[in-house]
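A.B. asks: Sequence:
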Amino acid sequence: MSGFSAPHCGSLRASDDGREVELYGWVARRRDHGGVTFIDLRDRWGLVQVVIRSIGETEVRNEYVVRVKGKVTRRPGGSENPKMATGEIEVVASDLEIISEAKTPPFEIQDDVNADEALRLKYRYLDIRRPKLAQTLELRHRVVQSIHRYMDAHEFMEVETPMLLKGTPEGSRDFIVPSRLHPGEFFALPQSPQQLKQLLMVAGIGRYYQIARCLRDEDLRADRVVEITQLDVEMSFCTEEDVFTLIEGLWSKVWKDVLGIEIPTPFPRIDMQESLLKYGTDKPDLRYSLEIGDVSDALRETGATVLRSALDAGGVVRCFAVPGGRDMSRRELDELALIAKGAGAKGLAWIPGPLDRHMSEGEMAAIKAAAGAGADDLILVVADRRRKAETVMGLLRREIARRRKLIRHDEWNFLWIYPMYLFEEDDQGKLTYGHHPFTSPWPEDMHLLAERPYEVRARAYDCVLNGFEISGGSIRIHQPELQERVFEILGMSREKIRAQFGHLLEAFEYGVPPHGGIAAGIDRLMMAITGTDNIRDVVAFPKTQSHQDLMLGAPSPVDPAQLAELHIQVVPPQKAPS
RNA sequence: GGUCCCGUGGUGUAGCCUGGCCAAACACGCGGCCCUGUCAAGGCCGAGAGCGCCGGUUCGAAUCCGGUCGGGACCGCCA
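As numbered in the working numbering, residues 318 to 895 make up the first sequence, in order.
Every clue listed holds true.
So the derived label-pair ranges between C-beta atoms look like this:
no., residue 1, residue 2, range
1, P583, E472, 16 to 24 angstroms
2, T622, D428, 47 to 55 angstroms
3, M809, P479, 21 to 29 angstroms
4, T622, P422, 54 to 62 angstroms
5, G352, P422, 22 to 30 angstroms
Lysine-lysine pairs mimicking DSBU-like chemistry, simulated, CA-CA at most 35 angstroms apart:
no., residue 1, residue 2
6, K663, K747
7, K663, K705
8, K400, K449
9, K860, K722
10, K663, K722
11, K658, K860
12, K685, K722
13, K439, K449
14, K449, K722
15, K860, K449
16, K722, K439
17, K573, K722
18, K860, K573
19, K813, K747
20, K400, K388
21, K400, K386
22, K420, K449
23, K685, K658
24, K400, K420
25, K705, K813
26, K439, K483
27, K722, K705
28, K658, K747
In case anyone wonders, no lab produced these hints; they're calculated from the structure. We treat Cβ as the ideally placed atom computed from N, Cα and C, and that holds for glycine.
Could you put together the complete structure from these sequences and hints?
C.D. replies: Take a look at the structure:
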């Protein structure tokens, strides 16, 4: 018998009683009682207890790989272990062979051990032996399989797109790959198959999907990795309502398949601007309320100079109530202020607090009303430029929810951010696109394009789950005249457009169907499903914040000959004089 | 590009603020011995770090200061 046909350690049950088996696995734990020794044998499917009595020397240690022959037996009455899935039975060994010995691992292979993450990443193959991580990977597999079944059932065709693409100066920074055959020229790795999927629509595929790897050379966060996996979808002759229905159906199916849970559809929709105002983010977590209010107008004449000066500079004053927050210590408030300052705020005010005596009764009442504050509540107040105030309030709102345990953890809170807006203001106050330059405006807002572009709604949408942006997309522009107008408003030159999007625009001259789509980040989806706030928990081999693979030791220098072949010369960074 | 947090045996922590009582403590793990029903097995014994690295202050540094490396969180960035 080989290990392939052998039963799994973790799969044995009382119904296997009496069965002669051969098991392969790792020694998870050993309990030596002198005359009898118990071994918990582990494989991907779980643990089973092996009983060893008088079969000679059994010098097995933790993490040894062994083969055990024996008989599945019901445990003696009273010695069943209800904490183990295999706890009703045990395997009485008749033979044990050590296949491979093992050094003591650098950390204990146990779910509750909280070893340093760098160490876990270096020995990721040991980390994955921990049942929790192995189960997360399996869950991820089942989610992806469910997605494939659903997309296939709806007649979407999976088409693979190239990994070596043309670079784009727009959007995220590209990872580039040198061309050996074309000195000085480079490919770019895909940030997403965006243009290719639109070309597939021109090609008449109609319904396309792909579970695609995408790479973005940007600085990392707790919910961002360099190499992301996304479900990429595009379809022809569709409206946003079709996309909503498709994706709501998809998540319903996945939740039912994988978690056995019915989720209610359709999902609620929230206007992007409303989300930024009320929740301080474009991906609100509505498993807790803590709604933010604006009190800018009520404080125009206030005597509280810190607030007044922010307003005079064109900023806003925002606030929200911390339920029962009057019990917060000065120390805790200082910590919150530190968080606010860390996010770039000038400061944090609270009521009741030192600012009270500079404000009129009317102003205080307005703030209490806007925050919806009760008698025991404390109100947090931030005054700053609008975007900064939103960021800071969003951050504080999340922090308060965590600290005061206001999150309803049993809830799956799906929602659409819709509508979004076609244009945004960049740091220099210049107009730029909100989603991407092919996003279609709302037909009824066309008259605003020239005069009030910021008010033009976009046929773009994000799907948010428990505060994670799990997908986003849009209906694309397919009319050349409209596309040209949008480029014009964005101030893009004809040459720039030709160089970057020429192939797409040319394709559109050969009969383009109206089309739209969406991309869903599988990594963030898995974060929401598993309830982790660390994206590395749902990736088999993640990189660090500084893009390093601690296990492989990548990136690493390459041989000069290899560089020469690629016509590349390395210029070491200049160390700045200190 | 910026701000902040962390770095003590194999692992996780305590000690650091308020320098000497620390040739560093506790738990787990590891090694040996005992033990026929444990399952975080138990009992006894034992080994294992000079406190990420470099430099400074001091009679004296894990503890204070500067730099540096590594990890993490956040702002910017991520169409």
